[in-house]
Amino acid sequence: MGKNTSVIEREEVVIRFSGDSGDGMQLTGTLFSDTAALFGNDVSTFPDYPAEIRAPQGSVGGVSGFTVHLGHSEINTPGDFTDVLVAMNPAAVKANAAWVKEGGTIIYDLDNFTDKNIEKAGYIKDPIKEENFESYNIIAAPISTLVKEALKDYELDPKTILRTKNMFALGMVYWLFDRKLNYTEAFFDKKFHHKPKIAQANKVALRAGYYYAETIEALTPVYKILPAPIAKGKYRNINGNQATAWGFIAAAEKAGLKLFIGSYPITPATGILEELAARKDLGVISFQAEDEIAGICTALGASFAGRLAITTTSGPGLALKSEAIGLAVMTELPVVIVDVQRGGPSTGLPTKTEQADLFQALYGRNGESPLIVIASGTPTDCFDFAFEAARIALEHMTPVLLLTDSYLANGTEPWKIPSMKDLRAIKPRYASPEELPFVPYKRDEETLARSWAIPGVPGLQHRIGGLEKNTKGNVSYLPDNHEKMVRIRAEKVERVSNEMPDLLVQGSDSGDLLIVGWGGSYGFIVTAFRELIAEGHNVSFVNFNYINPLPRNVKDVFSRFRKIVVCELNLGQFADYLRMKHQEFTYHQINKVQGVPFTISDIKDNCIKLLEEK
Amino acid sequence: MEETTLKYTAKDYKSDQEVRWCPGCGDHAVLSSVQRALAELGIPKEQIAFISGIGCSSRFPYYMDTYGFHGIHGRAAAIASGVKTANPELSVWQITGDGDALAIGGNHFIHAVRRNVDLNIILFNNEIYGLTKGQYSPTSSKGLVTKTSPFGTVEEPFSVGELVIGAKGKFFARTIDANIALSTQIYTAAARHKGASVIEVLQNCVIFNDGIHEEVTGKEVRDDRTIILKHGEPMIFGKDNEKGLILDGLKLKVVKIGENGITEKDLLIHNAAEPNPGIQYMLANMRYPEYPVALGIIRAVEGITYDASVHGQIKDIRENAKIKCMDDLLSSGSTWNVE
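Here the protein sequences come in this chain order: A and B. In terms of the numbering used here, the first sequence is numbered consecutively and its last residue is 614. In terms of the numbering used here, the second sequence is numbered consecutively and its last residue is 339.
Don't read these hints as lab results, they were simulated from the structure. Treat each hint with caution, since some may be false.
As the list claims (entries may be wrong) - Just the calculated beta-carbon pair ranges, DEER-fashion:
(1) A:Ile216 / B:Gly312: 55 to 61 Å
(2) A:Lys581 / B:Val19: 54 to 60 Å
(3) A:Thr471 / B:Glu215: 44 to 50 Å
(4) B:Ser149 / A:Glu445: 26 to 32 Å
(5) A:Ala186 / B:Lys315: 29 to 35 Å
(6) B:Gly278 / A:Lys472: 50 to 56 Å
Claimed, not checked - Residues from chain A that keep clear of chain B, each with C-beta distances beyond 10 Å, as calculated:
(7) Asn182
(8) Phe304
(9) Ser419
(10) Leu503
To be verified - Footprint (simulated), chain B over chain A, 3 or more residues, beta carbon under 8 Å:
(11) 37 to 47
(12) 229 to 235
(13) 245 to 256
(14) 458 to 464
(15) 467 to 481
No residue lacks a Cβ here, since even glycine has one placed at the ideal position from N, Cα and C.
Can you build the whole structure from these sequences, using the hints too?
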């Protein structure tokens, strides 16, 4: 490295970029994360931004952050506590004070620590002193002054110059982590190839930051994180929303169908609609509907017309779609509903994460209305479960509800790019124009799925609807027919478990404590689980992705453990669901409802307590 | 949707289901007119989809030997928009009522019209909720006594034509359920029109609002109390074609030919194709007794449809796209190799 400074070799490091929502922290964090991934580190990132687009400048409520967790070993979460905090203003210190590791590094823009800003953030005079950070590794850099100086000969207006502050800070961080600038420089050349002056300004600021850090090196330790032992192959960074969108495009291509999305914008699900609206090159039909109800109803219309149809939403939107989901259950049309969960109830915490829509997903409809519910576990496996949701919908002629959450949606990870030829085939159940007359609710003996007759095919004209019907599709109010149909619809959902993978136990397959998670808490729980194992505790771990129906071997797995603890970001919905489905077991709970993911210690501490109790 | 010279009769479009509307209900006549129109158009029945919401009229798809989807209350416009956008080749018909389209489904209705999705929307207006047995609807006249307005409604009703024009609608027509000849003509024209076509049918509910339109549609009076508008022809009406409409200042005015020196030449000529909706708006809003109620095609303006635009955009983008398949997308942008 050739640097005359202390080097801290670490398995992993967490860094958080934090500033006003207009300070460009999301871009700064993304560039850092991409650079780390290119270097070969395993990476997990999480953006944390306020619901307000431009909250009052300098206020704690307006702080926007981006966390990058990079490591030499496998990284499954964006990390709990941060080793390095980049704070563009005093409010950023305030917002993150509780999350800085003891003795960590804080880089801040001295020029922004004016009396006014300090007061706005709720401090009296000196944030560092008032937070007792004096013994930490503090780097106070006059960033605004330094970028003005660095760019004074570039004939730029003051506003443009100050916009490069984030790149100056990033340059400092690159020096701190001994990373190369070329990826970021290439990014600016590409992004601003029509505005070479802007590209140049950002590059100059980046380099100025890097050299500044080098100049003041005596003050700084350098973090050294070796590349992680990652499987060979081609990689890219992807977040959960993009992975979800791509999973559906892949499923449509595999099934030989056009993809249709009918959706209404809602945080944090909008990214899926945006991604698919941009994919006209792959023939995606996107319909931005007038409301949530129209979102699913257009999707149902498209499904009736023979497309792979999906609708995407978040909790409050799922509530609005309930009646139409019931219609999908009744008409047995293939459609996928994605709920990117956020904090609730009502408008709740639109930009924060939670797993509290489980009951709504399972039961939020009138009548006996069973629904297949599956949940993604990591940002990248959103691709796999979107694909799987589409496959089940098309092959079983049924609506499928896919649960992700705000953390998965926005979190990014490096993703080993799959090849289409390696993905499983999808075979929609088309009705045959040779088998006339067409009977809309005649079923496959094994799966109970009906066949799909697509408008345009001669001879297959038929009517479906929300009224109870007989096998021919004609309206029927006969008592026996209704019960028969209700039972068939339930049995049809149940039989999907015949082709589901068994629940996979991590750790030994029997023991003192089974840690149970579902969906998007996977990364946090698995990290806690591994640390517990490393510390010599007798624990095992399972994460559920298939929620309804449950995998067939649940009872078999659960019966081999002395204690079972269910960890979820709600008050215990999955635990209650398990109590109903598998009453013979006792379930302990670890719950958190703060709009943020678990910390590793949330899970570890509680598990240790359970292990110690008799 | 493709018109053909195939020989179809109205009967070909009938399903094997027994029609269950009340005897004497106006819906029977609408069903029959639509089947005639389809036979005239010669559209193969597998190319047709009937989509409905909830209400008496929404049982319609079950009686057609076409593809059909009986949806949920108010949402037919959204389902139909999905069908048409997913497959613009289909002839898509939406069957709805005054409650279904204008109360619970008002939002979907105005947006389907605004987007100009190529749908044929038949709105059965009987000014009452029939299936729930007699409550007032968004088109009930102010003061109407119903089960939920025992002392008369206190609400202003919607005028369907006004709403359609306000929502930037390009096709609006009005007919009477029992006038099969006029209705067949209008449904045929609506199917040929590219874009959202709204047809308001003055439909009689024999049970809960019997005779609600009788004042203008009754056999004895209808010639004097309605005017059938024809594109390019003077606005003339009356038993003996003795009355007409002129523009008097900023308002329409009923005149008698021969009185005050008025001749047929002074009458307004109906121009349904005029993009400026000013006169059409006044025509759609004419109410008896001040005016005759306008029937026929009031507005029919050409415009690009939503479904054609969506697919046009996809086609244009695909022609020059670098990404042709999912594998291309997967390896696009910023990637790196781990050796």
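Here is how each hint holds up against the structure:
Separation of Ile216 of chain A from Gly312 of chain B is about 59 Å and conforms to the stated range, judged on CB atoms against 55 to 61 Å. The hint said 54 to 60 Å for the Cβ distance between Lys581 of chain A and Val19 of chain B, and at roughly 46 Å that hint is violated. The beta-carbon spacing between Thr471 of chain A and Glu215 of chain B, approximately 47 Å, falls within the hinted interval of 44 to 50 Å. At roughly 54 Å, the beta-carbon separation of Ser149 of chain B and Glu445 of chain A lies outside the given 26 to 32 Å, and the hint is violated.
Taking the beta carbon of each, Ala186 of chain A and Lys315 of chain B are about 34 Å apart, inside 29 to 35 Å as hinted. For the pair Gly278 of chain B and Lys472 of chain A, the beta carbons lie near 51 Å from each other, so the given range of 50 to 56 Å is met. Against the 10 Å criterion, Asn182 of chain A stays outside the reach of chain B, whose nearest CB is about 13 Å from its own CB. With a least CB separation of 5 Å from chain B, Phe304 of chain A falls inside the 10 Å interface cut-off, contrary to its annotation.
Look at Ser419 of chain A: its CB is around 7 Å from the nearest CB on chain B, not clear of 10 Å, so calling it non-interface is violated. Once the 10 Å rule is applied to beta carbons, Leu503 of chain A is consistent with being away from chain B; the minimum gap is 29 Å. Closer than 8 Å: that is the beta-carbon criterion, and the segment 37 to 47 of chain A has 3 residues meeting it against chain B, so the requirement of 3 holds. Coverage of the segment 229 to 235 of chain A by chain B holds [criterion: at least 3 residues with CB-CB distance below 8 Å; count 6].
Here the segment 245 to 256 of chain A counts 4 residues with a CB under 8 Å from a CB of chain B, which clears the bar of 3, and the coverage holds. Look at the segment 458 to 464 of chain A against chain B: 7 of its residues bring a Cβ nearer than 8 Å to a Cβ of that chain, three or more, so the hint holds. With 3 residues bearing a CB less than 8 Å from a CB of chain B, the segment 467 to 481 of chain A meets the requirement of three and the coverage assertion stands.
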